[in-house]
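These are the residues of each chain, in order.
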Amino acid sequence: MNDRKGRFVSHPDDDATVIEGHAGADYYALMTEATRQLLIERGLLIQSDIDAVIASLEAPRPEWGAMIVARAWRDDAYRARLLADGSGAAAEMGFRIKEAQLVVVENSPTLHNLVVCTLCSCYPRSLLGQPPWWYISKSYRARAVREPRRVLAELGLVIPPEVELRVHDSNADMRYLVLPMAPADSGTLDEAALAKLVTRDAMIGASLAGKDATMPFGRSKPHG
Amino acid sequence: MIVFGKQEVMVSGLLRGYHDVGGRPAGPVEKTTHPFQPWQKTGEAMRVALELKSRLVSLDELRRGFESFGAELYSSLGFYERRAEALTVLLDEKGVLRRDEIVARMREIAAGRGQSVDFATRTVR
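Protein sequence lines correspond, in order, to chains A and B.
Our numbering applies: residue 1 is where the first sequence begins, and numbers increase by one.
Our numbering applies: residue 1001 is where the second sequence begins, and numbers increase by one.
Note that these hints are calculated values from the structure, not bench results.
Positions of the beta carbon are idealized from the N, C-alpha and C atoms, including for glycine.
Do not take every clue at face value.
As the list claims (entries may be wrong) - Partial list, derived from the structure: chain A residues whose beta carbon lies under 7 Å from chain B:
id, residue
1, D26
2, Y27
3, L30
4, M31
5, E33
6, T35
7, L38
8, I40
9, V53
10, W134
11, I136
12, R141
13, R146
14, R149
Work out the full structure: start from the sequences and follow the hints.
So, in structure tokens, the structure goes:
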């Protein structure tokens, strides 16, 4: 918790405030079913309305974001447009970001970016699909802005102390996508092969691109 | 100053909502995954469909729902459970579906499955 001047002080009860509870899922599954039946009976929805939205929730996937990243790695002009206007550059490739402005942040040998949504769960769902469970957990939301290096280490990514770490807190109007660095040995690959090196977590900043997550920090920047 | 569980929280003179967890201490980040359950998809889809069809429930309203239904409930529920609870609160508030209608239907469905609902502890058995 914070004291009167906004300084951070520990409090014995703090832990209790951010434990994620999952008890009661059956109860809420039942509540959802009851609500669905009643909404349909009252003519407020028909089942196909619900099914259509479910299909649109299920379609986006990390591979879509990976295609954007791979294009940016191979095409400097596209990369510049992507960094200037994420939503516009995504639309060029046929991906419509429906929920908010897409802001793309670029990793470099001296800068690593990490995305969080401390207030809720904002995430570019219409591009990447549903966020990983840890992203919406209260532990991640609480700690990513306080001790991001420690959190990343727990997720398996050690950021060297000399590399700057920037944490981006998403909100209702802005969704972030991390443009990771191209793996060192990816120079001859085409876009389709490059896209396979880009994972969901790399686009959140929780891992690096490439099969082997050895640290590429310190080597020369792929795009000069 | 607001009371958050047993705590009183004040940040630079501003009220801090219980959902505003950024910077608070918490346990380890678990990298476990849970499947996106059918009921969770249905819950999300109903809310979006209601917005698309008749602008009945916006995402901002849903957030206002779970960001004001109380710290105790918020901290005891998981992500999708929170949203399901907030949808019920909003539909009731707007006079679309009363909570007692939803509760009655929950009882009915549970009974049909040979189950009963304990509304105090939010469990089905």
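Status of each hint after checking the structure:
no. : hint : in the structure
1   : D26  : 4 Å, holds
2   : Y27  : 4 Å, holds
3   : L30  : 5 Å, holds
4   : M31  : 5 Å, holds
5   : E33  : 6 Å, holds
6   : T35  : 6 Å, holds
7   : L38  : 5 Å, holds
8   : I40  : 10 Å, violated
9   : V53  : 4 Å, holds
10  : W134 : 5 Å, holds
11  : I136 : 5 Å, holds
12  : R141 : 5 Å, holds
13  : R146 : 5 Å, holds
14  : R149 : 13 Å, violated
When held up to the earlier numbered hints, the structure conflicts with 8, 14 and fits the remainder.
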